[in-house]
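Asker: Below are the chains, spelled out letter by letter.
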Amino acid sequence: MPEVARAEYLEELANLEASALGGLDLVNAALGRTLEAVEHQDVELAQLVVADDDRIDGRYLEVHQALITLLATQSPVATDLRLISSLLHVLKNIERMGDQCVNICKVIPISGNEPPADQEMVRLILTMGRQTKTLITQAKRAFEERSVEMAQDLVRQDDVVDDLNRNCFRLALEIGDDIDKREWAMTMLLAARALERTADNAVDIGEQVAFVVTGLFREFEDASHPEG
Amino acid sequence: MLGAATKRSQPETEGKKGEMTESRPNTATSTEPAAVSGRGAKTIETRGVNLFYGDFHAVEEVTMTIEPNKVTALIGSSGCGKTTFLRSLNRMHELTPGARVEGTVTLDGEDVYDDRVDPVAVRRLIGMVFQQPNPFPTMSIYDNVAAGLNLNSTKVSKAQKDSVVERSLRGAHLWDEVKDRLDKPGGGLSGGQQQRLCIARAIAVEPEVLLMDEPCSALDPVATLAVEDLIGELKNRYTIAIVTHNMQQASRASDVTAFFNLDETGKPGHLVEMGPTQEIFTNPKKKETEDYVSGRFG
Numbered sequence: 001m002p003e004v005a006r007a008e009y010l011e012e013l014a015n016l017e018a019s020a021l022g023g024l025d026l027v028n029a030a031l032g033r034t035l036e037a038v039e040h041q042d043v044e045l046a047q048l049v050v051a052d053d054d055r056i057d058g059r060y061l062e063v064h065q066a067l068i069t070l071l072a073t074q075s076p077v078a079t080d081l082r083l084i085s086s087l088l089h090v091l092k093n094i095e096r097m098g099d100q101c102v103n104i105c106k107v108i109p110i111s112g113n114e115p116p117a118d119q120e121m122v123r124l125i126l127t128m129g130r131q132t133k134t135l136i137t138q139a140k141r142a143f144e145e146r147s148v149e150m151a152q153d154l155v156r157q158d159d160v161v162d163d164l165n166r167n168c169f170r171l172a173l174e175i176g177d178d179i180d181k182r183e184w185a186m187t188m189l190l191a192a193r194a195l196e197r198t199a200d201n202a203v204d205i206g207e208q209v210a211f212v213v214t215g216l217f218r219e220f221e222d223a224s225h226p227e228g
Numbered sequence: 229m230l231g232a233a234t235k236r237s238q239p240e241t242e243g244k245k246g247e248m249t250e251s252r253p254n255t256a257t258s259t260e261p262a263a264v265s266g267r268g269a270k271t272i273e274t275r276g277v278n279l280f281y282g283d284f285h286a287v288e289e290v291t292m293t294i295e296p297n298k299v300t301a302l303i304g305s306s307g308c309g310k311t312t313f314l315r316s317l318n319r320m321h322e323l324t325p326g327a328r329v330e331g332t333v334t335l336d337g338e339d340v341y342d343d344r345v346d347p348v349a350v351r352r353l354i355g356m357v358f359q360q361p362n363p364f365p366t367m368s369i370y371d372n373v374a375a376g377l378n379l380n381s382t383k384v385s386k387a388q389k390d391s392v393v394e395r396s397l398r399g400a401h402l403w404d405e406v407k408d409r410l411d412k413p414g415g416g417l418s419g420g421q422q423q424r425l426c427i428a429r430a431i432a433v434e435p436e437v438l439l440m441d442e443p444c445s446a447l448d449p450v451a452t453l454a455v456e457d458l459i460g461e462l463k464n465r466y467t468i469a470i471v472t473h474n475m476q477q478a479s480r481a482s483d484v485t486a487f488f489n490l491d492e493t494g495k496p497g498h499l500v501e502m503g504p505t506q507e508i509f510t511n512p513k514k515k516e517t518e519d520y521v522s523g524r525f526g
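First to last, the sequence lines map onto chains U and Z. Under my numbering, the letters of the first sequence match residues 1 to 228, in that order. Under my numbering, the letters of the second sequence match residues 229 to 526, in that order.
If you're looking for bench data, these hints aren't it; they were derived computationally from the structure. You may find that some hints are simply not true.
[Said to hold, decoys possible] Part of the chain Z face toward chain U, derived, beta carbon under 10 Å: (1) S445; (2) M475; (3) T510; (4) D519.
All C-beta atoms, glycine included, are put in the ideal place defined by N, C-alpha and C.
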């Protein structure tokens, strides 16, 4: 009997994990371009991000299908089952994060090539975006290393994004009476909201890390019972 | 009272230690025949059970509780002693020459191995279904089911026997398929039907516990699912322990799973982990269990 039984299946599962988590690199790349498009109000780059989301969707569909096949043919149990269940969740989060980049990029043309941008608000959005990229990178590493501690730290990182989001909102309220500037600020709030959700998706991935490791699922933060 | 050894010089008092008492009325005198239902499932407890074949130590120090109205699956690689352990629960292990048992096995607190207990009576209270369906091939379907009653030397009227046969076959989900050919040989049934016939035969004598040793390993998937459905229903009336090599069957059909293993060939098998099936298959506590249920043994 070989030292490790089911070697091919285990290799396949490891490859699928790498492929699924590789989706987070795709998201980070899309998010990087999205931030660049926001910073320079680059409509063409924004359109490229929208078109390129097919790659993230393709990764989702490809790995999702392969995981379903593994479930059907290999009867995974215990840690393998938890890993597959988690990867299905993570894939969905990746797909959603890609969509949030698309959402941001779709509002860039609305504000036009030369919008009445408020530099402070742009700075806040870019800081949020960079912080969100950090979360995504950390979520990936936490998953790869099965580090619950690193996963839980995502909550702290996410709080920074939430604070920045609130600051964006306050800035928008105080943006003044100019109708064009207010319209621009509204679109930027949509962008801030998309980034805030993307960071939440990274925290969701962290919760999946804890599930893979411990077998117990619990939300790190319960938005419906914040005091609980 | 059935469990007391039949040839004993001292009269026994019902309920005295060492007797296997039962609630079923004595079919020799009762107007009621042995029924499929009417007896409560009981708890089997083992304490420090060690099993031997001559000098060979097959199973080491198994302490576990097999709860009533639940299906307990015994899993583990070949040679880990799970079937030997199963056979020790109704004293079939001792039928093998040189076989020996140490430790205690109790059925609702009564010692199955007490000197004064009749092993035949134990085997009636704790019935067994084997890997290969083993109906008496030339005997009719009817007589196959009634065989247990006949072998137990109970005087049962034809009407009572008819009633038992029907209830047992219904209990085994076989009645509708065979009711018009009860006089045909049991050997003429399909494999799955034969296994359900054996289950009908086992429950005809009103056991309290059903032991099943890989009952589906010789069956096709459809027959396997039919037997698994039946097991799920039988647990409402009996305590069930099932040995299976089929991980999916253990996960589908059981409530509790016990994993046996042995450190190396020639060493005795032992109980590694026992717990709710859902936990064993999603988040086992021991790596050994995880490796086995995940198919990573090597």
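Asker: Taking the hints in turn, state whether each one holds.
Answerer: Hint-by-hint comparison with the structure:
no., hint, result
1, S445, "17 Å, violated"
2, M475, "7 Å, holds"
3, T510, "6 Å, holds"
4, D519, "9 Å, holds"
The structure fails hint 1 only (numbered hints given earlier).
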